[in-house]
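Place chain P on chain X using the hints.
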Amino acid sequence: EAQVTQNPRYLITVTGKKLTVTCSQNMNHEYMSWYRQDPGLGLRQIYYSMNVEVTDKGDVPEGYKVSRKEKRNFPLILESPSPNQTSLYFCASSFGDRSSYEQYFGPGTRLTVT
Amino acid sequence: GENVEQHPSTLSVQEGDSAVIKCTYSDSASNYFPWYKQELGKGPQLIIDIRSNVGEKKDQRIAVTLNKTAKHFSLHITETQPEDSAVYFCAAGSEAGTALIFGKGTTLSVSS
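As you go down the protein sequences, you meet chains X and P in turn. Converting from the first sequence to the numbering used here requires adding 315 to each position, the first position being numbered 1. Converting from the second sequence to the numbering used here requires adding 442 to each position, the first position being numbered 1.
It is worth saying that the hints were derived from the structure and are not from the lab. Bear in mind that the values here come from a model prediction, so they are computed numbers and not experimental data. Don't be surprised by glycine CBs; every beta carbon is placed ideally from N, CA and C. A portion of the hints provided could be inaccurate.
Sample of chain P residues lacking proximity to chain X, with all beta carbon distances greater than 12 Å (derived) [to be verified]:
1. L453
2. A461
3. K464
4. S468
5. K484
6. Q523
Once the Cα atoms are required to be at most 27 Å apart in a straight line, the calculated DSS-like pairs of lysine-lysine come out as [said to hold, decoys possible]:
7. K333/X / K386/X
8. K510/P / K464/P
9. K546/P / K372/X
10. K372/X / K499/P
11. K546/P / K479/P
12. K510/P / K500/P
13. K479/P / K500/P
14. K464/P / K513/P
15. K484/P / K499/P
16. K546/P / K380/X
17. K479/P / K333/X
18. K500/P / K513/P
19. K499/P / K380/X
20. K484/P / K510/P
21. K479/P / K513/P
22. K386/X / K484/P
23. K372/X / K479/P
24. K546/P / K500/P
25. K499/P / K510/P
26. K332/X / K372/X
27. K479/P / K499/P
Excised from the complex, chain X in its bound form (with noise of 0.2 Å):
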């Protein structure tokens, strides 16, 4: 089944814990994305890859880091989180060209930071 994947799907810890979220494709697409998502604030981008070892930063890529180093994988890292990171959190993937602009989400991970 064509899918993305996230784990955890929630997730509670305390400020500063160093925490990791996962987030696998397995549609071979280039494209990938992270998102949060806030009560009255929408989706808002976090940070995207066009492809493996290419990150660039969205709309809100302060506290977060990212890596691609393979393509199917494209993990999302708080490494000192704050309370102000609660959120929910969406990893997205796409082929990224002219042949199909849909994104396909994951099932989200919702995160407190106490």
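The following block gives chain P in isolation, referenced to the frame of chain X:
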């Protein structure tokens, strides 16, 4: 940069009625306008999209219209059903759909 405004933020309709959600965008370079549906506890899912060389697109009960001159686009759902209840997001972007800016969402409630 691009800015997308979406209205209304909440919409309640009776089953069988039509629902319309409107979005405006600011960047005239945007050429791709998708609509996503997000059900409770799930990630957004594309329901329909339109590119700038088309003024209208329809898929069964769902249609999207685009007015590039006025920089606005709308989602139309006819004969609404309770399963249409969800949060709907519009977005605008370019570069093969990768650089998407989303609206803040509309919570649609369809009562039977």
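Here is how each hint holds up against the structure:
no. : hint            : verdict
1   : L453            : holds (16 Å)
2   : A461            : holds (19 Å)
3   : K464            : holds (15 Å)
4   : S468            : holds (14 Å)
5   : K484            : violated (6 Å)
6   : Q523            : holds (23 Å)
7   : K333/X / K386/X : holds (24 Å)
8   : K510/P / K464/P : holds (14 Å)
9   : K546/P / K372/X : holds (20 Å)
10  : K372/X / K499/P : violated (32 Å)
11  : K546/P / K479/P : holds (12 Å)
12  : K510/P / K500/P : holds (18 Å)
13  : K479/P / K500/P : holds (16 Å)
14  : K464/P / K513/P : holds (11 Å)
15  : K484/P / K499/P : holds (26 Å)
16  : K546/P / K380/X : holds (25 Å)
17  : K479/P / K333/X : violated (32 Å)
18  : K500/P / K513/P : holds (19 Å)
19  : K499/P / K380/X : violated (38 Å)
20  : K484/P / K510/P : violated (31 Å)
21  : K479/P / K513/P : holds (22 Å)
22  : K386/X / K484/P : holds (24 Å)
23  : K372/X / K479/P : holds (25 Å)
24  : K546/P / K500/P : holds (23 Å)
25  : K499/P / K510/P : holds (14 Å)
26  : K332/X / K372/X : holds (23 Å)
27  : K479/P / K499/P : holds (17 Å)
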